[in-house]
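From first to last, the protein sequence lines stand for chains A and B.
Under numbering that gives the first Met the number 0, the first residue of the first sequence is numbered 0, with each subsequent residue one higher.
Under numbering that gives the first Met the number 0, the first residue of the second sequence is numbered 0, with each subsequent residue one higher.
It should be emphasised that the hints constitute simulated quantities derived from the structure, not laboratory data.
Please read these numbers as outputs of a predicted model, since none were measured by experiment.
Don't take every hint at face value.
All copies of an identical chain are treated as equivalent in the list; a pair is satisfied when it fits inside any one copy or across any two copies.
[Said to hold, decoys possible] Straight-line alpha carbon distances no greater than 25 Å define the calculated SDA-like cross-link-like pairs of lysine to any residue that follow:
(1) Lys13 / Ile203
(2) Lys72 / Pro5
(3) Lys13 / Glu156
(4) Lys72 / Leu118
(5) Lys13 / Thr186
(6) Lys72 / Ser17
(7) Lys142 / Val205
(8) Lys72 / Asp28
(9) Lys13 / Thr63
(10) Lys13 / Pro165
(11) Lys142 / Ala174
(12) Lys72 / Trp188
(13) Lys142 / Leu119
(14) Lys72 / Leu31
Number of protein chains: 2
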Amino acid sequence: MLSTTPRTRLGREKQRGSHDRDDLYEVLDTGLVCHLGVVVDGHPMVIPTGYGRVGDTLYLHGSTGARSLRAGKDSEVCVTVTHLDGIVLARSSFHHSVNYRSAVVYGRARLVTDEDERLLGLRALTEQLAPGQWDYARRPTRKELAQTAVLALSLEEASVKIRQGPPSDDEEDYALPIWAGVLPLVTTWGEPVPDPVLPEGIDIPVHIGGRQ
Amino acid sequence: MLSTTPRTRLGREKQRGSHDRDDLYEVLDTGLVCHLGVVVDGHPMVIPTGYGRVGDTLYLHGSTGARSLRAGKDSEVCVTVTHLDGIVLARSSFHHSVNYRSAVVYGRARLVTDEDERLLGLRALTEQLAPGQWDYARRPTRKELAQTAVLALSLEEASVKIRQGPPSDDEEDYALPIWAGVLPLVTTWGEPVPDPVLPEGIDIPVHIGGRQ
């Protein structure tokens, strides 16, 4: 169960809220990038970035010089992951909507200093993009690790919102001769595109080709 | 041209930055939702929401009761739109990346009070989801308009980042027997799904079916 705090309490459209921790994991585990929100000099900054999950911890990473990570270190952040599943065409413009699944996580980001946990986080970040890739690609060197900041964010304070299904119109509008329904959005993997300078004879590994 | 301010100046990966206003319009016009960042009680809040563009103004809307809109009214906001085009599989885990196009807009959101501009903004929001839909669906009533807050954000302070193409590995890694390349992400429209309670004889309008 997800606990409710003043900022995860759903204000609008409460029926779209889920307090099921499995829904939270599902939204997070099937995403590729999140939108990281930080406060810089009093104003908000929202940056798309990679992430990975291990249990109830999200890991983020970036260059040790990146502004968004510097701002997020040991301060309050918000991480949002959104899947857009379709647009909802209602009879009235007022009831137009989108079908989506989104997770919002609030908390204080912790700079990870323990080397084992840093590797665990980086592994999760790589595996989020392509499961199997961490064991396949060249591991980070000591020098690369020194250039990389890893942040950890607890999933303790999180909310999930899910909207699926047909439009919800006003009772009197259902008689209007207006088409209404959902236009689904479908996201799929295309054919892998090899690096143009890849030598011949190196096959696409199963864990990449297998994802099509 | 997009002007550079301290917060739109690109810190990392400068070569990914574009200062072309047409790139900004392209990223914004082909998106469906943005991630709106606001500061609430000193902490960041990032919410997925709809938007529309008219010239150099972005319009956002929401219920007059929504926390994110209340916080964004007459205060600094950040609006980020991200298109994910693929994952970039490098030879080293360090150089893994994603191909993307993203726009970040900073500014003070203005609550729109002029009725004509409110309708212009709501029209842009509906048309962003489905061009042609504003003239097709039932227009908002006076009561619906009273429940809707419309915010305007100038595109004066914005930055665009674009990464496309193959991985960029370290020179010495190109000899490794590791597959490298891009796994493209393809987003398409599915078949329109009619509302189950739609009466027979109402065809899918051309502007919806035509988008498949």
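How would you label the pair Lys142, Val205 (within, between, both, or neither) given a Cα cut-off of 25 Å? neither (30 Å within a copy, 57 Å between copies)
My question is about Lys13 and Ile203: at a cut-off of 25 Å on alpha-carbon distance, are they close within one copy, between copies, both, or neither? Intra 45 Å, inter 31 Å, cutoff 25 Å: neither.
My question is about Lys13 and Thr186: at a cut-off of 25 Å on alpha-carbon distance, are they close within one copy, between copies, both, or neither? Neither. Shortest intra-copy (27 Å) and inter-copy (29 Å) distances fail the 25 Å Cα cut-off.
At most 25 Å between C-alpha atoms: does Lys13 with Glu156 qualify within a copy, between copies, both, or neither? within (17 Å within a copy, 34 Å between copies)
Given identical chains, is Lys142 near Leu119, meaning Cα to Cα at most 25 Å, within a copy, between copies, both, or neither? within (17 Å within a copy, 53 Å between copies)
Is the C-alpha distance from Lys72 to Leu31 at most 25 Å within one copy, between copies, in both cases, or in neither? For Lys72 and Leu31, the Cα distance is within 25 Å only inside one copy (22 Å; across copies 31 Å).
State whether the alpha carbon distance between Lys72 and Pro5 is at most 25 Å within one copy, between copies, both, or neither. This pair counts as both: shortest intra-copy Cα distance 23 Å, inter-copy 20 Å.
Using 25 Å as the alpha-carbon threshold, which applies to Lys142 and Ala174: within, between, both, or neither? between (67 Å within a copy, 20 Å between copies)
Status of Thr63 relative to Lys13 across identical chains (alpha carbons, at most 25 Å): between (39 Å within a copy, 16 Å between copies)
Cα distance capped at 25 Å. Does Lys72 pair with Asp28 within a copy, between copies, both, or neither? So Lys72 and Asp28 pass the 25 Å test inside one copy only (23 Å; across, 33 Å).
25 Å Cα cut-off: does Lys72 pair with Leu118 within a copy, between copies, both or neither? The answer is within: 18 Å in one copy meets 25 Å, while 42 Å across copies does not.
Between copies, within a copy, both or neither: which fits Lys13 and Pro165 at Cα up to 25 Å? within (17 Å within a copy, 43 Å between copies)
Violated hints for the displayed structure, listed by number in ascending order: 1, 5, 6, 7, 12.
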